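Peer 1: These are the residues of each chain, in order.
2 protein chains.
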Amino acid sequence: MTSAELFNQIKAKKSFLCIGLDTDIQKIPRQLLDTTDPIFAFNKEIIDATHDLAVAYKPNLAFYESLGVNGWNSLEKTVNYIRYNYPDLFIIADAKRGDIGNTSNLYARAFFDAMDFDAVTVAPYMGEDSVTPFFTYVGKWVILLALTSNKGADDFQYMTENNEKLFERVIKTSAKWGNEDNMMYVVGATRAEMLADIRKIIPNHFLLVPGVGAQGGSLEEVAKNGLNKQCGLLVNSSRQIIYAGKDEKFAEKAREAALEVRDEMAGLLEKYL
Amino acid sequence: MTSAELFNQIKAKKSFLCIGLDTDIQKIPRQLLDTTDPIFAFNKEIIDATHDLAVAYKPNLAFYESLGVNGWNSLEKTVNYIRYNYPDLFIIADAKRGDIGNTSNLYARAFFDAMDFDAVTVAPYMGEDSVTPFFTYVGKWVILLALTSNKGADDFQYMTENNEKLFERVIKTSAKWGNEDNMMYVVGATRAEMLADIRKIIPNHFLLVPGVGAQGGSLEEVAKNGLNKQCGLLVNSSRQIIYAGKDEKFAEKAREAALEVRDEMAGLLEKYL
Chain A
1 MTSAELFNQI
11 KAKKSFLCIG
21 LDTDIQKIPR
31 QLLDTTDPIF
41 AFNKEIIDAT
51 HDLAVAYKPN
61 LAFYESLGVN
71 GWNSLEKTVN
81 YIRYNYPDLF
91 IIADAKRGDI
101 GNTSNLYARA
111 FFDAMDFDAV
121 TVAPYMGEDS
131 VTPFFTYVGK
141 WVILLALTSN
151 KGADDFQYMT
161 ENNEKLFERV
171 IKTSAKWGNE
181 DNMMYVVGAT
191 RAEMLADIRK
201 IIPNHFLLVP
211 GVGAQGGSLE
221 EVAKNGLNKQ
231 CGLLVNSSRQ
241 IIYAGKDEKF
251 AEKAREAALE
261 VRDEMAGLLE
271 KYL
Chain B
1 MTSAELFNQI
11 KAKKSFLCIG
21 LDTDIQKIPR
31 QLLDTTDPIF
41 AFNKEIIDAT
51 HDLAVAYKPN
61 LAFYESLGVN
71 GWNSLEKTVN
81 YIRYNYPDLF
91 IIADAKRGDI
101 GNTSNLYARA
111 FFDAMDFDAV
121 TVAPYMGEDS
131 VTPFFTYVGK
141 WVILLALTSN
151 KGADDFQYMT
161 ENNEKLFERV
171 IKTSAKWGNE
181 DNMMYVVGAT
191 RAEMLADIRK
201 IIPNHFLLVP
211 GVGAQGGSLE
221 EVAKNGLNKQ
231 CGLLVNSSRQ
241 IIYAGKDEKF
251 AEKAREAALE
261 VRDEMAGLLE
271 KYL
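For the protein sequence lines, the chains are A and B, in the order given. When the count follows our numbering, it moves up by one through the first sequence with no breaks and lands on 273 for the last residue. When the count follows our numbering, it moves up by one through the second sequence with no breaks and lands on 273 for the last residue.
Next comes chain A alone, as it looks inside the complex (with noise of 0.2 Å):
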């Protein structure tokens, strides 16, 4: 998918909402439980309530690895179930990998071959070589780690050389390795006030920004700073959305989580683009 192929999707929806399908066999309704695959029935019934709503979907692989080959095989249905039924969405593989070039391509491999993800973030600790394999997958996207949304991104990607900071240079150094056609930054939105310098240095790329909702984040600040003339935002919000409601009307409880986000979306959309 191109960013503006993306970017018509907002347009239609009105949405610049990605929905994280952080699926936990722990606070799904019971009532799943008694299904053959419990974790697979749960995303299948969030999409189809919310799919009109979002412009993407991002599984957190953590929550399916911790269910062995189990959860490996809901993922790929999830995805499977996706691309069949809406293959207009955006797909997010939230699996923060990265390792030396040959191995980066099997990741690849794995992603983009193996399952039919649009997008899989990556962190940037091993530098290019550990970038570059996944873009020989055309239409195919990195989301490298920037500034991200979590109390330890104060540890290191602060630190500063000759006026620049950790997460400048990675956004910097890395813009050159891609385009703006195959690469996205994550950068939290409980760090909304960084986005305005962080447009400075890619006013054009794509950013995903997690943190809103149960991590604190404000939407509102995180449109002012960070829409661009494309758009340019994808918002994740996973618990507030997913977990919305906790009984056998939780798809319904989803949808209107959902809907709220959106309509704020659209109003945002509307008064900053």
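Bear in mind the hints are in silico, worked out from the structure with no lab data behind them. Bear in mind that the values here come from a model prediction, so they are computed numbers and not experimental data. Any given hint could be a false lead.
Any copy, or any two copies together, can satisfy a pair, since identical chains are not distinguished.
[To be verified] Straight-line Cα separation of at most 25 Å, BS3-like style, residue types lysine-lysine; simulated pairs:
hint, residue 1, residue 2
1, Lys165, Lys151
2, Lys151, Lys140
3, Lys224, Lys77
4, Lys176, Lys151
5, Lys253, Lys200
6, Lys229, Lys140
7, Lys165, Lys11
8, Lys229, Lys11
Take the given structure of chain A and dock chain B to it, following the hints.
Peer 2: Relative to the frame of chain A, chain B by itself:
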């Protein structure tokens, strides 16, 4: 496993060899392709042929994930096989994970609970709360990326503030999060000249050293600069050992290659310890 128990293994076997199970379906002998699980069949023969010469095995997750559910299944079988047949061996998930706290918790569950790995490699970019959840499993280890063996290591790992490089800050800061019985560091053999400096910061921690062999690092240099009084080194070799032979005698050839490394290690332990 404690560091003392690991050292006992090293003394008993006169070896600090870790064998990387980077098992690639495109590189294993053709006759294995007729078995129900060629990846596991290959690993099993390699392990049976080398278990008395190595103290650790390290499957790199990318190789398994690239095969989807089947790959994950081969991985689980491999870990179970080692644990059941050779319980003293140290098993490392070379996964380079790392995410916000509640998500790293799930990665810990994936590798230490759903599977019985002893250690997992972790990327440091997201800081403390991406690392410490792994410590809730007593006897298990984090192996944190410090200075990697690839070319891309130069992109960010040498960034300097107040005379301290990023990889040094990673080591100094993170050494306070854990201790010498739950934390190791990855230091590439292609950077052997840095090992002596790193030993000044963390004299007692174990280091996992990739890059000897196919990537060009020298074992003698690594030993001279990296050995401490508890050995303190696990040196990994993957392709050089597991693909030493290409036909039906591949396991025998792998044993010969491992024996050569082990004999060199026995000499180095005698010389420097």
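Peer 1: Each hint needs a verdict: does it hold in this structure or not?
Peer 2: Results of checking the hints against the structure:
1. Lys165 x Lys151: Result: close both inside a copy and across copies, 17 Å intra and 21 Å inter.
2. Lys151 x Lys140: Answer is between; shortest inter-copy Cα gap is 24 Å, intra-copy 30 Å.
3. Lys224 x Lys77: Answer is neither: 37 Å inside a copy and 51 Å across each miss the 25 Å cutoff.
4. Lys176 x Lys151: Between copies only: 16 Å across chains, 28 Å inside a chain, cut-off 25 Å.
5. Lys253 x Lys200: neither (38 Å within a copy, 56 Å between copies)
6. Lys229 x Lys140: Answer is within: at 22 Å inside a copy they meet the 25 Å cutoff, but 49 Å across does not.
7. Lys165 x Lys11: Intra 34 Å, inter 45 Å, cutoff 25 Å: neither.
8. Lys229 x Lys11: This pair counts as within: shortest intra-copy Cα distance 12 Å, inter-copy 64 Å.
The structure is inconsistent with the numbered hints 3, 5, 7, although it conforms to all the rest.
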